[in-house]
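> Kindly produce the complete structure, drawing on both the sequences and the hints.
Letter by letter, the chains look like this.
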Amino acid sequence: MSEATQKVDAPDELPEELIAEHGLSPDEYARIRKELGRTPTLTELGIVSVMWSEHCSYKSSRIWLKTLPTDGPQVIQGPGENAGVVDLGDGDAAVFKMESHNHPSYIEPYQGAATGVGGIMRDVFTMGARPVANMNALRFGSPEHSKTRHLVSGVVSGIGDYGNCMGVPTIGGETNFDARYDGNILVNAMCVGLLKSDRIFKSAARGVGLPVVYVGSKTGRDGIHGATMASAEFDDASAEKRPTVQVGDPFTEKLLLEACLELMAEDVIIGIQDMGAAGLTSSSVEMADKGGVGIELDLDKVPCREEAMTAYEMMLSESQERMLMVLKPGAEPQAEAIFKKWELDFAVIGITTDTGRFVIKHQGAVEADLPLSALADGAPVYERPWVPKEPQVAPKEVPAADGPLSSLEALMGTSNLCSKRWIYEQYDHMVMADTVARPGGDAGVVRVHGTNKGVAVSCDVTPRYCAGDAFEGAKQAVAECWRNLTSVGADPLAITDCMNFGNPERPEIMGEFVAAVKGMGEACTALSFPVVSGNVSLYNETNGVAIPPTPAIGGVGLIPDVAKMAHLALAHDGDVLVVVGK
Amino acid sequence: MKARITITLKPGVLDPQGKAIEGALHALGFGGVDDVRQGKYIEVEIGESDPDRAKAEVERMCEELLANTVIENYSYELEAA
Amino acid sequence: MKARITITLKPGVLDPQGKAIEGALHALGFGGVDDVRQGKYIEVEIGESDPDRAKAEVERMCEELLANTVIENYSYELEAA
Amino acid sequence: MKAAVVVFPGSNCDRDAKTVLTQVTGKAPAMVWHGDAELPEADLIVLPGGFSYGDYLRSGAMAAHSPIMREVIARAKAGTPVLGICNGFQVLTETGLLPGVLMRNRSLRFICKDVRLKVERNDTIYTRSYEAGEIVTIPIAHKDGNYFADDETLARVEGEGLVAFRYVSESGGLDDDANPNGSQHNIAGLYNERGNVLGMMPHPERLAEPALGGTDGAKIFTSLLEALH
Ligand SMILES: Nc1ncnc2c1ncn2[C@@H]1O[C@H](COP(=O)(O)OP(=O)(O)O)[C@@H](O)[C@H]1O
Numbered sequence: 001m002s003e004a005t006q007k008v009d010a011p012d013e014l015p016e017e018l019i020a021e022h023g024l025s026p027d028e029y030a031r032i033r034k035e036l037g038r039t040p041t042l043t044e045l046g047i048v049s050v051m052w053s054e055h056c057s058y059k060s061s062r063i064w065l066k067t068l069p070t071d072g073p074q075v076i077q078g079p080g081e082n083a084g085v086v087d088l089g090d091g092d093a094a095v096f097k098m099e100s101h102n103h104p105s106y107i108e109p110y111q112g113a114a115t116g117v118g119g120i121m122r123d124v125f126t127m128g129a130r131p132v133a134n135m136n137a138l139r140f141g142s143p144e145h146s147k148t149r150h151l152v153s154g155v156v157s158g159i160g161d162y163g164n165c166m167g168v169p170t171i172g173g174e175t176n177f178d179a180r181y182d183g184n185i186l187v188n189a190m191c192v193g194l195l196k197s198d199r200i201f202k203s204a205a206r207g208v209g210l211p212v213v214y215v216g217s218k219t220g221r222d223g224i225h226g227a228t229m230a231s232a233e234f235d236d237a238s239a240e241k242r243p244t245v246q247v248g249d250p251f252t253e254k255l256l257l258e259a260c261l262e263l264m265a266e267d268v269i270i271g272i273q274d275m276g277a278a279g280l281t282s283s284s285v286e287m288a289d290k291g292g293v294g295i296e297l298d299l300d301k302v303p304c305r306e307e308a309m310t311a312y313e314m315m316l317s318e319s320q321e322r323m324l325m326v327l328k329p330g331a332e333p334q335a336e337a338i339f340k341k342w343e344l345d346f347a348v349i350g351i352t353t354d355t356g357r358f359v360i361k362h363q364g365a366v367e368a369d370l371p372l373s374a375l376a377d378g379a380p381v382y383e384r385p386w387v388p389k390e391p392q393v394a395p396k397e398v399p400a401a402d403g404p405l406s407s408l409e410a411l412m413g414t415s416n417l418c419s420k421r422w423i424y425e426q427y428d429h430m431v432m433a434d435t436v437a438r439p440g441g442d443a444g445v446v447r448v449h450g451t452n453k454g455v456a457v458s459c460d461v462t463p464r465y466c467a468g469d470a471f472e473g474a475k476q477a478v479a480e481c482w483r484n485l486t487s488v489g490a491d492p493l494a495i496t497d498c499m500n501f502g503n504p505e506r507p508e509i510m511g512e513f514v515a516a517v518k519g520m521g522e523a524c525t526a527l528s529f530p531v532v533s534g535n536v537s538l539y540n541e542t543n544g545v546a547i548p549p550t551p552a553i554g555g556v557g558l559i560p561d562v563a564k565m566a567h568l569a570l571a572h573d574g575d576v577l578v579v580v581g582k
Numbered sequence: 001m002k003a004r005i006t007i008t009l010k011p012g013v014l015d016p017q018g019k020a021i022e023g024a025l026h027a028l029g030f031g032g033v034d035d036v037r038q039g040k041y042i043e044v045e046i047g048e049s050d051p052d053r054a055k056a057e058v059e060r061m062c063e064e065l066l067a068n069t070v071i072e073n074y075s076y077e078l079e080a081a
Numbered sequence: 001m002k003a004r005i006t007i008t009l010k011p012g013v014l015d016p017q018g019k020a021i022e023g024a025l026h027a028l029g030f031g032g033v034d035d036v037r038q039g040k041y042i043e044v045e046i047g048e049s050d051p052d053r054a055k056a057e058v059e060r061m062c063e064e065l066l067a068n069t070v071i072e073n074y075s076y077e078l079e080a081a
Numbered sequence: 001m002k003a004a005v006v007v008f009p010g011s012n013c014d015r016d017a018k019t020v021l022t023q024v025t026g027k028a029p030a031m032v033w034h035g036d037a038e039l040p041e042a043d044l045i046v047l048p049g050g051f052s053y054g055d056y057l058r059s060g061a062m063a064a065h066s067p068i069m070r071e072v073i074a075r076a077k078a079g080t081p082v083l084g085i086c087n088g089f090q091v092l093t094e095t096g097l098l099p100g101v102l103m104r105n106r107s108l109r110f111i112c113k114d115v116r117l118k119v120e121r122n123d124t125i126y127t128r129s130y131e132a133g134e135i136v137t138i139p140i141a142h143k144d145g146n147y148f149a150d151d152e153t154l155a156r157v158e159g160e161g162l163v164a165f166r167y168v169s170e171s172g173g174l175d176d177d178a179n180p181n182g183s184q185h186n187i188a189g190l191y192n193e194r195g196n197v198l199g200m201m202p203h204p205e206r207l208a209e210p211a212l213g214g215t216d217g218a219k220i221f222t223s224l225l226e227a228l229h
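Residue numbers (the numbering used here), protein chains in the order written: chain A, 1 to 582; chain B, 1 to 81; chain C, 1 to 81; chain D, 1 to 229.
Read the hints as simulated data drawn from the structure, not as lab findings. Beta carbons are placed, not taken as given, at the ideal position from N, Cα and C, and that holds for glycine. Treat the hints loosely; a few may be bogus.
Unchecked claim - Facing chain D, according to a computed beta carbon distance under 7 Å, are these residues of chain C, among others:
1. L14
2. P16
3. Q17
4. A20
5. N68
6. I71
Pasting the structure below:
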């Protein structure tokens, strides 16, 4: 233990059920005890449990994600920050990422999807970018399932209401239906932002004695345990976990966006990080860890919406529309003026230290004093056992089609291929007045404001293929995304991904994951189409039924001159149709 | 019978609308105003005159459609036509 | 005091939400349901303990902001804290 | 022509309005923050689209009470042209500068798509670049655009020729199918009696450039430029 440790009033022992409820295995708990040399406090247990959850630590996936190609001359920022950044030339850059909000959207489709969109947009504007395009990749259960209708309409209106209110166009996405998603829908939201490549903001809190500042909405008891919930398999008792639903407030997020961009135009921010899953805990740990400093928070200063919130609750709250920043000393009044103008909360809640420890004080007591090294980089990493799965692509008995026309008709009537106009008409896809290719085509395209350059975006994966062969299916998803971008005339630049799978503790699921990562990696390497950001969502399983492996790919490309963009519509009578490829 | 149903957010659930209304009331000079919460009010004429059956029907409507019981509570009054 | 304010559409004013709810209730098998109207319910804590002044204040809030008196009526109850 | 665009918390088409005004007039408009009590001299005031105050309570209700609106109302009454687009139209009805209200769309859903509009008159400052009765394409993007007024108001609005635009089919018919949101008399836009205030749900600023798919929206701004120099 370092000298800097403070006096903590820790209990003698914590009940086993409590530890299990926090999703920590006995081994993991033993590690914490060893690390601390004592029993953790409840607040510490909460902090560790969220930091070591699958959602935050990527403990099952990390070793495999490392194998993905992430470099290229176009890459300004690869995985590791809030979002990836690619070069668009002339000092312009695109920032993008995709993220899942699967479990919350199943429990409360409207709010779950809305807060998913809010979260991914925060990831993008935390980097200093103005969000300019949203996409969403949705998987629902079979259209006949009793819940599907309710889920579709809730998810779509949640995505729409949040993005529409933010004034960011939703320019495309994809939607599939399959009975294997009956109990686990997937809501993957992607956001693309634009910034100048010399004005990128990162999360590292470099420097000691710097003010740690909280801005945005007040903290309530929303979503406590959301991060652990997102990493736990569902069963019929999960309805009990309902009060953890977070409610989105896109209006406040719009103010937060404008206030952050206004402050970012000044030269006062050292590090900035949005509070997403595991809110104050993960944001402050990440900032301190990346900056190589310690951090001390005084929770008495945290703006709270509810009375008598405990340290545990404040550290684990997932209230939305909040940000944490580390400022240059003395810049507080300037920053405060901007946030007050936008009618947002602003509070200095802590300071960076040289102790390497994460210290939480509340009402005169030290509620947590943990070594930062144990929380972030020291989180467990598992090489979970996996077994390869035989490709299941041998065609079963397929009844003979009675002619191409009727087959075409039948295909067009399927829920996966039918028009998605009902969905994308609920999304404002024209706000910002730069949408040059609207939904309905292969890729959506927005102009870089004030230029002729276009950013093309596409989301793709065909879960059916991945269920047959995860390796080939993931390869195909990358290739399809690449084709969709090129088909509007864009040069594909890079991808983000959202890896949605079942329970990784089952070797055959882990096998699917491994195969998909390998397939993605192979395709990305072959196409010089690196991965610059991404997200993993595991445990998409209900009562032992897993979703088909669903590695959703979100790609971004550059169109040097939108006047030369290619369109889907046939333009003139007498145009010649050509098939290329084999 | 007529049912008058009030649907409110559960305590602790964030109420962005209430918050914004509170801000607007302050700006309009209603300084002492606090704790504004917005809910829904729904009136339904039900073709049921037996109070017990009416109650059961209204509750079923609230549970199945009118209230989002994940985040909302409901209450109601019945009034004979 | 706490004010519980109910805002309803004036009779004769089209109510798209009420109509949609009615349709959905019918679809769910609540066949006897009729005349569904949706309004708003707002709770406000006001820093005023004198009932007359509280009444005046709530009415002013409703007239100025909470209700659009072109299409909406309001009613309220006051409750001592 | 010197324009001013009012920015409310939650406005999100303010930049779009600025872009098109700059393109058409050659001059960037003044962007005025809602909290300011002062409004600069302007030949045209634009209330842009968006979700002022999140559209909470009622769309436009809270913005209608912001300090800057007192000044906007005074200018409108003195004859300054005021153009309210989408949320701006909702704000105008909430202030009473335009009659009626914009209720939830009858589908209860947000709708974003191109619609066909009939330009009812071309003798106003906003429409002189159009032909009278011209059918144009302009997008809508709203959840609360369902125009409602009582019978008496409707009769007056129609009698005085205050309807600016109606939703129509490609052939100009007032079919119900062409009415995207349930508006009475397919009303998409409305003038005040004096003709200096126009509120419209469709977004002319979004279809004012060939690259965006059309230029029908630009004519509102070129009309204003011609009328106001
Ligand atoms: N959830 C969604 N959100 C927005 N747009 C969508 C969504 N789902 C589908 N779309 C749009 O509908 C069109 C058709 O989608 P899809 O059938 O997946 O096409 P494709 O197979 O050609 O990629 C695309 O332009 C796509 O962007």
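> Take the hints in turn and mark each one as holding or not.
Outcome of the hint check:
no.: 1; hint: L14; verdict: 5 Å, holds
no.: 2; hint: P16; verdict: 5 Å, holds
no.: 3; hint: Q17; verdict: 6 Å, holds
no.: 4; hint: A20; verdict: 5 Å, holds
no.: 5; hint: N68; verdict: 6 Å, holds
no.: 6; hint: I71; verdict: 5 Å, holds
In terms of the numbered hints stated before, the structure departs from none.
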